[in-house]
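K.L.:
Residue strings, one per chain:
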Amino acid sequence: MDYCRKQVKSDCEELLSRFQQTESVRFEVFSKIWREMNFSHIFYGTLKREKRAFSRLVLDIAYSFFLPPFSFQIRVGGLYLLYGLYQCQTASPPEQIRLALKDWDDVKKFEKDAVDAQHYDTVYIFRKLMSLKAFHFTAMPTLLAYQKKRKVERSALCEDFLERASRPQELINIELLEELSNIHGLYEKMKTSVSSISEQANSSVNLIHKDLMPRLRSTVVHFYNWQQRKDGAEEDEDSGEGTSSQQECSIRAERLASIKSKAYGQAAEASKSRRHRQVEVDFTSSEAGPSNTPGPSRITKPSLKARTNENVHISGDVWQEATTTTQINRLTSLDSVPEGTASSHTSEMFHTLIHWTLFAALSLFCMLTCNMSMKLKA
Amino acid sequence: MAAYSLSTDSTTNIPDYEYLDVNTKPFHIGSFREEWLSRLKAGNSSYRHEDDDTFDANFAKEMEVGVETMTELRSVCSVDSLRCHPEDQQPDTDVVPADSTLKTLEQRKKRQDYKASLKVTKNRHDLYADELERLTFGRKPGAEADLVPEGEVILSINVYYPATFEKFTYVRPHMTLLMTGSHTLAELRDAICCVSDLQVCGEFSNTPDMAPDFISKDHFKSAFFYFEGVFYNDMRFPECQDISITTIEWAKTRNFPSYSQAKMEDTRFVDLKVKVGFPYLYCHQGDCEHLVIITDVRLSHKDDCLDKKLYPLLTHKHRVTTQKCAVCHVFIGRWVTTNNQFAPSDPCLFCDKCFRMLHYDADGNKLGDFLAYPFVDRGAFN
Numbered sequence: 001m002d003y004c005r006k007q008v009k010s011d012c013e014e015l016l017s018r019f020q021q022t023e024s025v026r027f028e029v030f031s032k033i034w035r036e037m038n039f040s041h042i043f044y045g046t047l048k049r050e051k052r053a054f055s056r057l058v059l060d061i062a063y064s065f066f067l068p069p070f071s072f073q074i075r076v077g078g079l080y081l082l083y084g085l086y087q088c089q090t091a092s093p094p095e096q097i098r099l100a101l102k103d104w105d106d107v108k109k110f111e112k113d114a115v116d117a118q119h120y121d122t123v124y125i126f127r128k129l130m131s132l133k134a135f136h137f138t139a140m141p142t143l144l145a146y147q148k149k150r151k152v153e154r155s156a157l158c159e160d161f162l163e164r165a166s167r168p169q170e171l172i173n174i175e176l177l178e179e180l181s182n183i184h185g186l187y188e189k190m191k192t193s194v195s196s197i198s199e200q201a202n203s204s205v206n207l208i209h210k211d212l213m214p215r216l217r218s219t220v221v222h223f224y225n226w227q228q229r230k231d232g233a234e235e236d237e238d239s240g241e242g243t244s245s246q247q248e249c250s251i252r253a254e255r256l257a258s259i260k261s262k263a264y265g266q267a268a269e270a271s272k273s274r275r276h277r278q279v280e281v282d283f284t285s286s287e288a289g290p291s292n293t294p295g296p297s298r299i300t301k302p303s304l305k306a307r308t309n310e311n312v313h314i315s316g317d318v319w320q321e322a323t324t325t326t327q328i329n330r331l332t333s334l335d336s337v338p339e340g341t342a343s344s345h346t347s348e349m350f351h352t353l354i355h356w357t358l359f360a361a362l363s364l365f366c367m368l369t370c371n372m373s374m375k376l377k378a
Numbered sequence: 001m002a003a004y005s006l007s008t009d010s011t012t013n014i015p016d017y018e019y020l021d022v023n024t025k026p027f028h029i030g031s032f033r034e035e036w037l038s039r040l041k042a043g044n045s046s047y048r049h050e051d052d053d054t055f056d057a058n059f060a061k062e063m064e065v066g067v068e069t070m071t072e073l074r075s076v077c078s079v080d081s082l083r084c085h086p087e088d089q090q091p092d093t094d095v096v097p098a099d100s101t102l103k104t105l106e107q108r109k110k111r112q113d114y115k116a117s118l119k120v121t122k123n124r125h126d127l128y129a130d131e132l133e134r135l136t137f138g139r140k141p142g143a144e145a146d147l148v149p150e151g152e153v154i155l156s157i158n159v160y161y162p163a164t165f166e167k168f169t170y171v172r173p174h175m176t177l178l179m180t181g182s183h184t185l186a187e188l189r190d191a192i193c194c195v196s197d198l199q200v201c202g203e204f205s206n207t208p209d210m211a212p213d214f215i216s217k218d219h220f221k222s223a224f225f226y227f228e229g230v231f232y233n234d235m236r237f238p239e240c241q242d243i244s245i246t247t248i249e250w251a252k253t254r255n256f257p258s259y260s261q262a263k264m265e266d267t268r269f270v271d272l273k274v275k276v277g278f279p280y281l282y283c284h285q286g287d288c289e290h291l292v293i294i295t296d297v298r299l300s301h302k303d304d305c306l307d308k309k310l311y312p313l314l315t316h317k318h319r320v321t322t323q324k325c326a327v328c329h330v331f332i333g334r335w336v337t338t339n340n341q342f343a344p345s346d347p348c349l350f351c352d353k354c355f356r357m358l359h360y361d362a363d364g365n366k367l368g369d370f371l372a373y374p375f376v377d378r379g380a381f382n
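Line order of the protein sequences matches chains A and B. Okay, so the first sequence: first residue is 1 according to the UniProt record's numbering, each after it adds one. Okay, so the second sequence: first residue is 1 according to the UniProt record's numbering, each after it adds one.
Heads up, some of the hints might be wrong.
List time: in silico DSBU-like cross-link candidates among lysine-lysine, alpha-carbon distance up to 35 Å [claimed, not checked]:
1) K149/A to K103/B
2) K6/A to K302/B
3) K108/A to K305/A
4) K32/A to K102/A
5) K305/A to K302/B
To be clear, the hints were calculated from the coordinates, so they are not data collected in a lab. It should be emphasised that the depicted structure is a prediction, and the values quoted were computed from it without experimental measurement.
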């Protein structure tokens, strides 16, 4: 069932991002979007066993939106999504939502926030799910079977859904600033009382800026403004107007890519036709190109199939040679010729030998496959 | 069990990832259950269904909302508000709706079209799996005493077949069992079916009727589980031996962390301290080794199979291809012969019927010269 994980996730994100744009946490708003998107249809067309597996997958994905680090609004959307999916699933008896013990505190806190803010519909739906026994109280959100991944896929969290960092603003509020300025005043007083003897000593204990509080305040304000600006910029991108500098960048990248592909394309062509003579020219040309090309991504070994295809191509050339000259004589004479005398000849002979064996193997293979297909037909 | 005292620190028994999406840190299953139960209200884990009216009444009381708000809330949050089709016509849920904007459905449509183009339509494995599910889902016990108690833990355990081939990385043949927390490890052991328990050692060409009396299971009863530094030995029978001692002694001489022993039959799952998702070991018949992974631990639910008698409950079974008799190609091989003048190959497989017809006369006297060994197919449990 894993094959459709990406698609399901993007569908859920689509629904939630529409919900986010409404800047509401009302269930009627959510259900309107749900109906617009025909989201219940997501279960249609799953057959028999697939039903249960698909319900499991889609509930697991929706569950992740119900937890931090997403913003409160998205989590409300996640809860509604869970409710909708749970109620509309086609598996019977229904598949449950897996609630992990470690997430319980987050869920409880969420419920409390909703109660405090008097979002009755949110609380109602959460309690309703509870009363429907829609939850499995589990150890972990998914079943674990020690599936180690070779390639760790960083599943990108949808950035827009994340809660904006607001700790600096929360921490440094007016009271704290006042408190701090009081302490600072006391501290200054003590310092002067200690070092009233000379002005010189005074400067040596000046470890803190005199204008600590205004500075702190202005930094936080600056951070907040920057955050606002950044959000603004993102919205601009959403509306489709890319900034000019970005366009320039992409044009440059495209140009670089085309240059690169040209350079490598030539090298590949040259080497294909006479591989046995080992082309070694094109290193210089590629070095002359843009020097800031990324290193590791460039070295890609072609697949075994591709390499075989290439080899077959070469042996085709040899086949032509073989028909015109008496290769077999040469091959048999190779054994009898002493090594010293035939030094100039040997390398060429060696190549032909290799090609010949390749060819022989190939023809054998062809015969075999022919036989096989004949048998199969019979 | 004896090796671990109950942890007093509460946070250690809240399972969390050791490696993300791979396995958890070790936790005590009994305490995990306590943690959940202490957090939940009485109704949360019960099997009883709360009817809508009492739910609404309770909600209104607790949140202090009026009757009007309550009716509005009820209608806004009803399931009908999510319906995506006209009220009077029920859509066909087996068909992928055309012209949908959902990416999942676009993909599913493509997949179904592709599958329809294939010639093979039925999948035997799906049929078997459906059947297995039907047998167990939502079963209620006949007698009250057989009911799985509310708030019991249910573990889902994968037992893998011993396999060394490379394909194992992609398909991991295993069986999945559901067990409750009050089960002992010995009960898990009895539920694991493995052909090496059924093997019969010896040559029986002279007395083919004697063969079934010599199953390995009855001869070699020792076995152990290994979880988190403890070997749990099966000591139920007088002929059982502690076969883990070899490993323990070996480890001792090589400065490994010390291992301890306990009895399988005295250890319940709630007494265990384990990592979920982590591979452990089951070893029987001396060297038949199975990986055991506890994939899930959770509280029981009203839709689970609640009949105690049906546990350990088999929910998944890997089915392997069976090797057929060389004569009839219909029945599964039961005998393997060598040095056989009647056989086309050496060794050769026969089903019981063909074997007897070919090698014995009407009175059961052995004909010709051959050696015959009982054969148990890997797919014997299919």
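K.L.:
All hints, please: hold or fail.
P.N.:
Now the hints, each set against the structure:
{"no.": "1", "hint": "K149/A to K103/B", "verdict": "holds, 25 Å"}
{"no.": "2", "hint": "K6/A to K302/B", "verdict": "holds, 32 Å"}
{"no.": "3", "hint": "K108/A to K305/A", "verdict": "violated, 56 Å"}
{"no.": "4", "hint": "K32/A to K102/A", "verdict": "holds, 33 Å"}
{"no.": "5", "hint": "K305/A to K302/B", "verdict": "violated, 54 Å"}
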